[in-house]
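Visitor: These are the residues of each chain, in order.
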Amino acid sequence: MNGLSKLIANVKTALAQRPQSASHFVSTLQPAAHGDRPAAPLPVAPAMRLTELSAQLARELGKVDGHFIGTFTPDEARAEAVSLAKRINATRIAIGAGVVLDEGPIGRALEHAGFAVTSYRHTAGDTTRIADQMAQCDLGIVEADYAIAATGTFAVTGAAGRPLSLSLLPPINLLIVHASHLVPDLAAAISALGAGTVINHRIALITGPSRTADIEKMIVVGVHGPKQLYAMIVWAEPR
Amino acid sequence: MRAAVYADGSKAIGNRSRLPALIELAFILTESDAACSATISMSAAPEAKTSTDFFEATRQGVANAGLRRKLENSTGRHLDHVGHARAEFPAYDAERDTARRIKEETLAHLDELLIELKRKLEANGCKVFIARNAAEARNYIVKVARDIGAHKIVKGKSMTTEEIELNPALQAAGMEVVETDLGEYIVQLRHERPSHIITPAIHLSKEDIGELFSDQLSIPYTAEPEALTAAARERLRQIFLGAQMGVTGVNFAIAETGTLVLIENEGNGRLCSTLPDTSVAVMGIEKVIPRLSDLSHFLEILARTGTGQKLTTYCNFISGPRRNGELDGPRNVHVVIMDNGRSAMLADPVLREALCCLRCGACLNVCPVYRRIGGHAYNSVYPGPIGSIVSPNLFGSAAGHLPFASTLCGACRDICPVKIDIPRILLHLRWKEGLEGSALTWPRKQRRARNGLARFARMSRHPRAMRILGRLGGLLMRPFARDGYLRRMPPPFNQWTRGRDFPAPGGRHFSAEAISPLSAPDRLNSTGSGTDSSASNSSPNSNDTRAAG
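In order, the protein sequences belong to chains A and B. Position 211 (the first sequence) corresponds to 236 in the working numbering; numbering is contiguous. Position 545 (the second sequence) corresponds to 568 in the working numbering; numbering is contiguous.
Treat the hints with caution; some may be incorrect.
Claimed, not checked - No more than 20 Å apart at the CA atoms, straight line, and that leaves these computed lysine to any residue pairs for SDA-like: (1) A:Lys88 / A:Leu78; (2) A:Lys252 / B:Arg258; (3) A:Lys252 / B:Lys175; (4) A:Lys88 / B:Lys175; (5) A:Lys88 / B:His104; (6) B:Lys229 / A:Ser108; (7) A:Lys88 / B:Gly331; (8) B:Lys150 / B:Asn347; (9) A:Lys252 / B:Glu247; (10) A:Lys88 / B:Ala110; (11) B:Lys175 / A:Arg154; (12) A:Lys252 / B:Leu102; (13) A:Lys88 / B:Ala254; (14) A:Lys88 / B:Glu249; (15) B:Lys175 / A:Asp157; (16) A:Lys252 / A:Ser108; (17) B:Lys229 / A:Ile244; (18) A:Lys88 / B:Lys229.
Hints listed in this document are in silico derivations from the structure and should not be mistaken for laboratory results. Remember, it's a predicted structure, so these values are computed and weren't measured experimentally.
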């Protein structure tokens, strides 16, 4: 897998250059306050663990008809976002404020490539037409708080500058997650989000593009939510 | 002494003594009284709709070969998916047990948890209404819709709103109500009731739906599920963008954080709870769970059993209206917490177990009765095995016959993600029905069959007489046998020979084959009935398993 070997390379470089990023990663992976399940000790070196989790995430996402693009450095992520936008023939793109990553450069790269980009980072005040506007966009880009490897799930929160509808109204959705925010399973994700986030934000756990089996239990992808879902992991120092 | 400490360090609800909690619950209920007196009076009185003419519906259902084919198709596909999902998740059974334990713990502390939930929801900015029955819930929602001047209302899939017959009430108040779940949308266009709790249009083929859409949405006929889905998406998207109010159900309500969790696949639940300015969520009192950390145990099993997915596409956490600076989300969130007969179920030590139900719908798909007759034959909002338990308690004697609509084969118990012993509860309900001098009216044929069985039951208390009669019968029959079978017998036994031959008696008797264990009288008694109400395994009051620390 191309993405996988890239990931390993990325991880190796990052670990060699910035040892503190590895410790950051380990602390995210070992949720201390996780209810009735003791935090599993890391069986392998963090880099190997990350490789394993991202491979699993890619596999599970594929099973639910999502597309895993790969694991990238911020520079590569910009280029990948532009190439995705071209591939799907987008004209209008909506992008929300990042969680730990800076979405600014991606937005600027897309604008530079000639797409009409709406960034919601500084939008405030009149919000009446925001839903209509977002529904007109071809691609919604938003950073997820966590990605769950076991199920191919992304935990996306709504916040100022990051409307939850970004992952709902545009027909195609690109989710970005920081490499250190990969967690093994649902329980770990909920524990990592924590009561504070759950109380203060609306959250959507997203597993693939929207789907239905209401007609003869046959699965149709793309109902009210996005018809296509793309995802990438970005390796960078948190802001 | 119970001790519960939450992850966010908030007050432990179990620490309060039980009495004040009960007093407070009473207070909440009287509060809702006051709120209710202000509501408008509904013109359409809630009538029990469940007909006793179940047998005719059953006959028609069984005779409808097309319906049976559709049901076999859909339920078979579902069971395949579930089998796969369960097989590749080794922790499935452990998670089932955990989920069941949490549900029992929840029911044992339901009063405290509801108070806590109400408090936390209100702290998060939600408006909470406690409804004792369907009418109160309905009136409250109509009032909310009137107050905000709503004329277009979108609805996410919710059996609780079906239970309270919300749509007719809103329509009577002059509002347009649109079901947005694809299956619900289809049955709404057909002016039907959903025939399944998670697959509302399971009784329709793609050709049926194609014809419906070409009629009602004026699109060219197609039976392609993709094309039909796309047509519905386009139609409903415009409605979503113009709606003033969204109504949804609730799958789990976390008391610790005051969070509503809504799971779905299509995204319509998200749209209903995000786009309109006012959002209303309706939940039964049993939907509360204690802690945030409990949630994953339920989510791990619910989709796997309900649809065969690992997780549903969307799990939505809603803790309140949009916060300062946020660009979307409803400005008002109303939560209706409804009893409507559930506390009466809680009071019955056997029935209580049924409140563990997650409404995954798996027991419908696996039930041999449901698979032959379909959901509409039950003539109740909740069909199938779990519906046969819930309906009589929600809709009274009009659904009193449903506990008898089961073969007690136990497939529902085996597939249930929280291991509800459905056959046992059905037997309990049958027994209760008999106790209360039965208001049920059976068709003549069934009445005779039941009387015959009662006679047989009385007779079998005299084993010696039975043996003599059996021998005598055998002797009488033998001269009429041809090739080891009797072709015809006099009434009432001709009921049998009309359809098939009767094997001629001869050789050894069963009673001679069967040795002591079965004929021992005390053994017979203990297997006879499921009516002992001192339910040992469903008593949630036993040990407090709430995690400390």
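Visitor: All hints, please: hold or fail.
Guide: Structure-based check of each hint:
This hinted pair checks out: Lys88 of chain A and Leu78 of chain A have alpha carbons roughly 15 Å apart, not beyond 20 Å. About 16 Å separates the Cα atoms of Lys252 of chain A and Arg258 of chain B, which keeps this hinted pair within 20 Å; it holds. Restraint check: the Cα-Cα separation between Lys252 of chain A and Lys175 of chain B comes to about 26 Å, which exceeds 20 Å; the hinted pair is violated. Restraint check: the Cα-Cα separation between Lys88 of chain A and Lys175 of chain B comes to about 37 Å, which exceeds 20 Å; the hinted pair is violated.
A hinted pair counts as satisfied when its Cα atoms are at most 20 Å apart, and Lys88 of chain A with His104 of chain B qualifies at roughly 13 Å. For the proposed pair Lys229 of chain B and Ser108 of chain A, the alpha carbon gap of about 38 Å is over 20 Å, so the pair is violated. The straight-line distance between the Cα atoms of Lys88 of chain A and Gly331 of chain B is roughly 13 Å, inside the 20 Å bound, and the hint therefore holds. A distance of roughly 18 Å separates the Cα atoms of Lys150 of chain B and Asn347 of chain B; the hinted pair therefore holds under the 20 Å criterion.
A distance of roughly 17 Å separates the Cα atoms of Lys252 of chain A and Glu247 of chain B; the hinted pair therefore holds under the 20 Å criterion. Distance restraint check for Lys88 of chain A and Ala110 of chain B: the Cα-Cα separation of roughly 16 Å lies within the 20 Å cut-off, and the hinted pair is therefore satisfied. Restraint check for Lys175 of chain B and Arg154 of chain A: satisfied, since their Cα atoms lie roughly 18 Å apart, inside the 20 Å limit. The suggested pairing of Lys252 of chain A with Leu102 of chain B is violated, with an alpha-carbon distance near 26 Å, which exceeds 20 Å.
Between Lys88 of chain A and Ala254 of chain B the CA atoms are separated by roughly 26 Å; this puts the pair beyond 20 Å, and the hint is violated. For the given pair, Lys88 of chain A sits about 19 Å from Glu249 of chain B by alpha-carbon distance, which is consistent with the 20 Å threshold. Using a Cα cut-off of 20 Å, the hinted pair Lys175 of chain B and Asp157 of chain A holds, with the two alpha carbons roughly 17 Å apart. With a C-alpha separation of about 19 Å, the suggested pair Lys252 of chain A and Ser108 of chain A falls inside the 20 Å cut-off, and the hint holds.
A distance of roughly 12 Å separates the Cα atoms of Lys229 of chain B and Ile244 of chain A; the hinted pair therefore holds under the 20 Å criterion. Under the criterion of a C-alpha separation no larger than 20 Å, the hint pairing Lys88 of chain A with Lys229 of chain B is inconsistent with the structure, at around 25 Å.
The structure is inconsistent with the numbered hints 3, 4, 6, 12, 13, 18, although it conforms to all the rest.
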